[in-house]
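Colleague: So you can see what is in the structure, the chains are spelled out below.
Number of protein chains: 2
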Amino acid sequence: MLGRVNHIAIAVPDLKAAVASYRDRLGARVSPAESLPEHGVTVVFVELPNTKVELLEPLGETSPIAAFLQKNPAGGMHHICYEVADILQARDQLLAAGARVLGTGEPKIGAHGKPVLFLHPKDFFGTLIELEQV
Amino acid sequence: MLGRVNHIAIAVPDLKAAVASYRDRLGARVSPAESLPEHGVTVVFVELPNTKVELLEPLGETSPIAAFLQKNPAGGMHHICYEVADILQARDQLLAAGARVLGTGEPKIGAHGKPVLFLHPKDFFGTLIELEQV
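Quick mapping for you: the protein sequence lines, in order, are chains C and R. Sequential numbering of the first sequence, starting at 1, is according to this note's numbering. Sequential numbering of the second sequence, starting at 135, is according to this note's numbering.
Keep in mind the hints are simulated off the structure, nothing from the lab. Among the clues, some could well be false.
[Said to hold, decoys possible] When the alpha-carbon atoms are kept at most 16 Å apart in a straight line, the in silico EDC-like pairs for lysine to aspartate or glutamate are as follows:
no., chain 1, residue 1, chain 2, residue 2
1, R, 242, R, 172
2, R, 242, R, 217
3, R, 150, C, 123
4, C, 122, R, 148
Because the structure is a prediction, the values reported are computed rather than measured.
Let's have the full structure, built from the sequences with the hints guiding it.
Modeller: If you want it as structure tokens, here you go:
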């Protein structure tokens, strides 16, 4: 079921500082910042040769990463996004295997304009997993 | 400086259960478990098309992931490993930019038989970064 690692998401309290760190200290290529009010985040991509790291800063008062940053004020690894060919089939297979899908269980359109679902971290050893249909 | 994401490491309290979850629920290919007493971990690789996820279980009484699992008993994302072409050059560039390298600052031979260094998570927004010379 799992395809490529689409991205690894890291929540940060200060996106400007994080961009400077990845670009200037680590010598990585970083995309311009993009504000996504409907997703409650401002995002940049650190572009690596085989995948990308997504740096996320909260945007607005109901950001989905606000609670994470309250618990981890310095920031931290937030989730891993895997590509799947058919998100409904993946969901049904996971539900049949006893895994929990967050929210309503229906895919939403994610930050990249594609259908996504999140799986409960308690079912995957503390790791929040995003599935994205590509 | 940063090359490919070599792996994303996830610490788990129960490797057998984690393997079953990634293989049977997520339908991923998982390598056989390998015990690395000199690194204090037992490891498997979840093989994705573009990178791999390393599942780590503590081995022995001085495992470097024991403290992490005490703080995160269910498990969690532990570090990201990036490939670099020249680890000494990378280290010197990072030190000159004010970043901290863990331990003695000299590369050690990592779990894959290659020279590795770890960077202080406080300098990278709560993310533990491993550099591996390939």
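Colleague: Could you run down the list of hints and mark each one as holding or not?
Modeller: These are the hints, each one checked on the structure:
1. As the CA atoms of residue 242 of chain R and residue 172 of chain R are separated by approximately 12 Å, the hinted pair is consistent with the 16 Å bound.
2. Taking the CA atoms of residue 242 of chain R and residue 217 of chain R, the gap is about 15 Å. The hint holds against a cut of 16 Å.
3. For the given pair, residue 150 of chain R sits about 14 Å from residue 123 of chain C by alpha-carbon distance, which is consistent with the 16 Å threshold.
4. At roughly 13 Å between alpha-carbon atoms, residue 122 of chain C and residue 148 of chain R fall within 16 Å of each other, so this suggested pair holds.
When the structure is compared with the earlier hints, no violation turns up for any of them.
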